[in-house]
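Asks: Protein chains in written order, with the numbering used here: chain A, 1 to 502; chain B, 1001 to 1475.
Think of the hints as simulated: they come from the structure by calculation, not from any bench. A quick note: this is a predicted structure, and the numbers were derived from the prediction, not measured. Ideal Cβ positions, reconstructed from N, Cα and C, are used throughout, including at glycine. Careful, some of the hints might be misleading.
To be verified - Calculated lysine to any residue pairs in the SDA-like style (CA-CA distance at most 20 Å, straight line): (1) K34(A) / F1173(B); (2) K103(A) / K1128(B); (3) K103(A) / P1466(B); (4) K1138(B) / W30(A); (5) K1128(B) / N56(A); (6) K1138(B) / A107(A); (7) K53(A) / K1138(B); (8) K138(A) / K1138(B); (9) K261(A) / K1128(B); (10) K261(A) / K1429(B); (11) K1138(B) / T44(A); (12) K1138(B) / E49(A); (13) K1328(B) / D15(A); (14) K1025(B) / N124(A); (15) K43(A) / T1110(B); (16) K43(A) / A1144(B); (17) K53(A) / E1139(B); (18) K138(A) / T1003(B); (19) K1138(B) / E46(A); (20) K1120(B) / N56(A); (21) K43(A) / L1143(B); (22) K53(A) / K1128(B); (23) K1429(B) / A107(A); (24) K232(A) / P329(A); (25) K1022(B) / I170(A); (26) K1326(B) / Q13(A); (27) K1326(B) / R3(A); (28) K1138(B) / R3(A); (29) K24(A) / M1263(B); (30) K43(A) / P1142(B); (31) K1128(B) / I170(A).
Claimed, not checked - Label pairs and their computed distance ranges (CB to CB): (32) K53(A) / K1208(B): 26 to 34 Å; (33) D1469(B) / R233(A): 28 to 36 Å; (34) T1103(B) / G408(A): 26 to 34 Å; (35) G354(A) / E1119(B): 26 to 34 Å; (36) H1135(B) / K43(A): 18 to 26 Å; (37) G408(A) / G1132(B): 26 to 34 Å; (38) A236(A) / Y1442(B): 33 to 41 Å; (39) P14(A) / K1315(B): 22 to 30 Å; (40) K1315(B) / K43(A): 47 to 55 Å.
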Amino acid sequence: MIRILDHNELFNQPDYQEQFERKKEFERPWPKEKVREVSEWTKTPEYRELNFKRENIKINPAKACQPLGAVFCASGFDGCMPFVQGAQGCVAYFRSHLSRHFKEPFAAISTSMTEDAAVFGGLNNMIEGMENTYALYKPKMIAVSTTCMAEVIGDDLNAYIKTAREKGVIPEDLPVPFAHTPSFVGSHIVGYDNMLKGILKALSEGRKGESNGKVNIIPGFDTYTGNYHEIKRLMALMDVGFTLLSDVSDTFDSPNTGEYKLYPGGTPLPEAMDAVNAIGTIALQKYSTVKTMDYIQKEWGQKTFTLPPIGIRNTDRFFSELSKLTGRPVPASVEAERGRAVDAMVDSHPYVHGKRFALVGDPDQLLGLMSLIMEMGGEPVHIVCTNGDKHFEAEARELLASSPFGAGGTVYIGKDMWHMRSLLFTEPVDILIGNSYAKFLTRDTGTPLIRIGFPLFDRHHLHRQPIIGYQGVINLVSMLVNTALDELDRKTVDTTSFDVIR
Amino acid sequence: MSTAIKDTQKMIEEVLDAYPEKSKKDRAKHLAANDPSGQCGACQVKSNIKSRPGVMTVRGCAYAGAKGVVWGPVKDQITVSHGPIGCGQYSWWSRRNYYNGQTGIDTFGTMHITTDFQEKNIVYGGDKGLDGALHELKELFPLAKGIGILSECPVGLIGDDIEAVSKRVAKEFKFPIVPVRCEGFRGVSQSLGHHIANDTIKDYVLGKGELDTTTPYDVALIGDYNIGGDAWASRKILEEMGLRVISQYTGDATINEIAIATMAKLNLIHCYRSMNYICRHMEEEYGIPWMEFNFFGPTKTYDSIRKIAARFDEKIQEKAEAVIAKYKPVMDAVVERYRAKLEGKKVMLYVGGLRPRHTIGAYEDLGMEVVASGYEFGHSDDYKRTYPELKEGAVVMDDATLYELEEFTRRLKPDMVGSGIKEKYSYHKLGVPFRQMHSWDYSGPYHGFDGFPVFARDMDMTVNSPTWDLIRRKK
C-alpha cells in the first residue's frame, strides 16, 4: 500500500528539506543571524513607532472595495443580476472572493471595458452588456454598480441606462437601479450602502400609498447567513410583519437539490417596492447603512432605528424598540432565550473575565463584539478598524468609556493588521478576533484567533451560525470561552493543571 | 467530416441559440468540435479576443496576470498593489505559491501591500504617495531585495509616471524597483498581464544576478508557480536526473534567481502561455534554447524526462532512465489502485495557462477521458498544441461563459468537471463532481512523481465521494 503524502507532509521529508538547502546557493538569502536580528527588531516598541508613522502604504488591511459591497447587496433581491460597469477583472475577483467565503456560487456581470472604452467611454459596453445579460440570464432586475475605471473616466450611468432602454435592449419596465461605487472612496460597507439606496430609490418610485403595517429590516453588509435565518425566526416569534431588504440568505445558503438556480431567492421585488409603505425601518448595522437610512427618513418619511443586536444589552434594545414601534409585546419565548444566553455568560465568565482582547474588522461588528466582551468582564484592548471613520472612532471610545472593562482599550481607525502585529508584540493580549487573514498574526505572535468577520476562508460553515440575538450571544460565548479553554489546554498540556473538568 | 464532429457542432449551435445575434456570431468563433488532425478549418477556435460585455466571462484582467501569476510569487521582493484597495485584497495569497522564508522579514509572499488610493490620489495623482510608500517600505522591511509596483486601473487613466518614480528611488535604494503597467483595462484577459510582467523581468532584473560557478547541466525551471509545491516536485525530478536547477520562474523564486536565468544552458518551460515571452527573449539575446515539457501524470512525465535528457549527454540520459525505473513501480501501483475506480469517467476542463492540455495525459493514465476542454485566456498557439491531445469531436471552448459551461454540462454529462472557484459551487449545486484545477482545491502538488499520487487520490475522492448520492434530485 502506498502512503500518499500531499503538501501538508511531503515537504517536511528529508529529501525536500535537503533540496531547499541546496536551492539557497541560487537564492542568495540573507545570513540567518541577520534575519533573526531583523525579526526581533520588528517586535520592539521602536519598530512599532516606525510602523505607526507610515502614511502612504497599507500592509494587510482589513477592508475590501465599494463594488464588492454593491454586488453583495444587489444579490439579495429576487431575480436581480448584479451588473458592474467597468473592467472585467474586478467582477472575477468579487465572484471568487464571495465564493471562497460562502462556499456558494455567485453570479455577477461585467461589461468588460478595455482600452477603447477608456478613450470613448463605456456606453457601448453598457448597451451590449444589458442586451446579453437579459437574453442569457433573464433577470427580473439589473442592479448597476461601477469599478474605479468607469468612475475615473466619468461614465454617466443614468444617461447610459436611459439610452439602453431607448435602444430596446431591455424591456421598458425592467427595474435598473444604479449606484456609483468608486473603489477609491470608503470600502465595501459604503458600496453596500450606495447600492441599497439606489435599489430602494428605483423600486419605491411612485409606490407611496397606504401603510402596510410592516417593519423593514436592513441587515447591512452582514456575511452571516445564520443571521438572516435568525432575524426571520425572531420576527416570527414577535409576530411582526416585516420585509428584509437585501435578503442574501438563499443567495449564499441555498439547499442542494441537484439543480443550479441562478436566482435562488432574495427579497421579492413586490415586497421591496412596498417597503416605502412600512411603519418604520430598522437597520441592524449602522456604518453600512448611513445614506440609506438617511434617505428612508427624509424621502420616505419613516421612523428609522439603528439597532445592531450583538450582545445582551444591544439585543435588549432591539426588542424593546421593536416592541415600542409595533405595539407587540416581547413574547415569553424570547425572554426565555435571553435567560439562557445570560445563563451561559454567567457559567462561562471565569474564563473570559479579565482576558485581554484584540479585535480587527468592520465597524459594526467590532462595536457589537466589544459590547459583548465587556458584558462578560473581558477587556477589549486593541481595536483596529481599517475602514472605520471618525464617527466610529467616537462611538467606539464612548462604548469603552461606558464600562470599567473598557478602560484599557484604544481604537485605531485607518490602521491595518501590520499595525496590529506591532500592538500584539508590544502589548500582548490573550485572544485575537478577526478574519482568516488574522491567522498570520497568530503565526507571528502566538495569540490564539477567534475567526469572526469577513472573509472566513479557512474554516467552513462559521457563517451559518447566527451571531445576532440571544442565540447569537450563546454562539459567540461558546467561541470565546472554548478558545480560552483550548489555549489553557495548550499551555498546561505538560503540567498537572491539564484538567478534565473546567 | 466525421459524425463525432458533426454531432458536436450541432450541439454547439443549439447552445448558441440563446445569444442575441451579434454575440452569437462572435461566440460561434470560440466554440468548436475537436479535430485532432487539424484538417477541419471550422474546427479551429478564435482566441485572445475581447470578451463580449454582459455574457459572464470567467476571465480576469492584466493585473491578475502580472501580480497574481508572474510577480506575486517572487518571494524576496515586496509586491505593491498600486491603486485602490480591492485588487490586492481579492488576490491576497489566493494562488498558494508556496515559498520558504520568514514572512514580513526576508520574504513577503502572504502579504497584501497597497497604496490604497483615495479620491485625492485620483485628483492630484498618486506619484508623490508612491514615493512616500517606497520609502516607508524600505524602512520597515530592510531585507527586501526589490519592490514591484503593480498598477491598477486608475494609475494608467490619470496619467501617473510610475516609471520616473521607480527610476529615481531605485537609484537611491540600489535595488530593483519594477514599475509594471498591468492596469486591468489593458488587453482582453490575464494574458497581457503575463506578457507585461515578462517584459519587466527583462527590463529590470534579468542578467543582473550573482552565480559563482556554472556547469554544463544548468537549467532554469520556467513557468511553474509552485502552487501547492508543484515546482519543488518538478525540481526533485530534474535534480535526480543530474541537472542543476539554477532558477525557478517564479514559484519560490528570489530576485537573484530571476536574474541568473541567463546563465542556464537550457530553459525548461511548463506554463508556456505565461512565460514563453521571457524564453524567447533569452533565446534571442543570450542564445539559450528552450523546450516545453509536461510533468502531469506518469506517461507524459516519462516522455518529458527522456526528451529533456536527450538535450544532454549520456550521463544525464542514463540517470534519466534510472529515475524512470525508480518511480515506475510506484506510479504503476498508483494507477492500479485508482484506475479501477475511475476507468471510463468523462472529464470536462475549463482552466487557464497550461492545464487544459497538460493534464489530459494524467487523466488518461487513470483511464479517464477528457470530453471538453478550454482556456480562459489561451492564444491560437495554445489551441494548436491542444487539438492533437483531445479526441475527435471533443468540445473546444475559448473564453466560455457561465451559460455555456452549464449548457455543455447538461448535454455532455461529464462525470467530473475541473475548473475554478467561480465555477465550483454551481457544479456542487448541480451535483456534478468538481475539482478546482487552478489551485488544486487547496491540495497538491500535482506535478511530477510526488504529485501524481495526490492527483489520483484527489480525482478519486471527487468522482467517488458518497456525498453526491445524498442529493435528492427533483424528478
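Asks: Does each hint fit the structure? Answer for all of them.
Replies: Structure-based check of each hint:
no. : hint                           : verdict
1   : K34(A) / F1173(B)              : holds (19 Å)
2   : K103(A) / K1128(B)             : violated (41 Å)
3   : K103(A) / P1466(B)             : holds (19 Å)
4   : K1138(B) / W30(A)              : holds (16 Å)
5   : K1128(B) / N56(A)              : holds (9 Å)
6   : K1138(B) / A107(A)             : violated (41 Å)
7   : K53(A) / K1138(B)              : holds (13 Å)
8   : K138(A) / K1138(B)             : violated (52 Å)
9   : K261(A) / K1128(B)             : violated (48 Å)
10  : K261(A) / K1429(B)             : holds (8 Å)
11  : K1138(B) / T44(A)              : holds (17 Å)
12  : K1138(B) / E49(A)              : holds (15 Å)
13  : K1328(B) / D15(A)              : holds (19 Å)
14  : K1025(B) / N124(A)             : holds (17 Å)
15  : K43(A) / T1110(B)              : holds (19 Å)
16  : K43(A) / A1144(B)              : holds (18 Å)
17  : K53(A) / E1139(B)              : holds (11 Å)
18  : K138(A) / T1003(B)             : violated (34 Å)
19  : K1138(B) / E46(A)              : holds (16 Å)
20  : K1120(B) / N56(A)              : holds (12 Å)
21  : K43(A) / L1143(B)              : holds (15 Å)
22  : K53(A) / K1128(B)              : holds (17 Å)
23  : K1429(B) / A107(A)             : holds (14 Å)
24  : K232(A) / P329(A)              : holds (17 Å)
25  : K1022(B) / I170(A)             : holds (15 Å)
26  : K1326(B) / Q13(A)              : holds (18 Å)
27  : K1326(B) / R3(A)               : holds (16 Å)
28  : K1138(B) / R3(A)               : violated (46 Å)
29  : K24(A) / M1263(B)              : holds (17 Å)
30  : K43(A) / P1142(B)              : holds (14 Å)
31  : K1128(B) / I170(A)             : violated (45 Å)
32  : K53(A) / K1208(B): 26 to 34 Å  : holds (32 Å)
33  : D1469(B) / R233(A): 28 to 36 Å : holds (31 Å)
34  : T1103(B) / G408(A): 26 to 34 Å : holds (29 Å)
35  : G354(A) / E1119(B): 26 to 34 Å : violated (43 Å)
36  : H1135(B) / K43(A): 18 to 26 Å  : holds (22 Å)
37  : G408(A) / G1132(B): 26 to 34 Å : holds (33 Å)
38  : A236(A) / Y1442(B): 33 to 41 Å : holds (39 Å)
39  : P14(A) / K1315(B): 22 to 30 Å  : holds (25 Å)
40  : K1315(B) / K43(A): 47 to 55 Å  : holds (50 Å)
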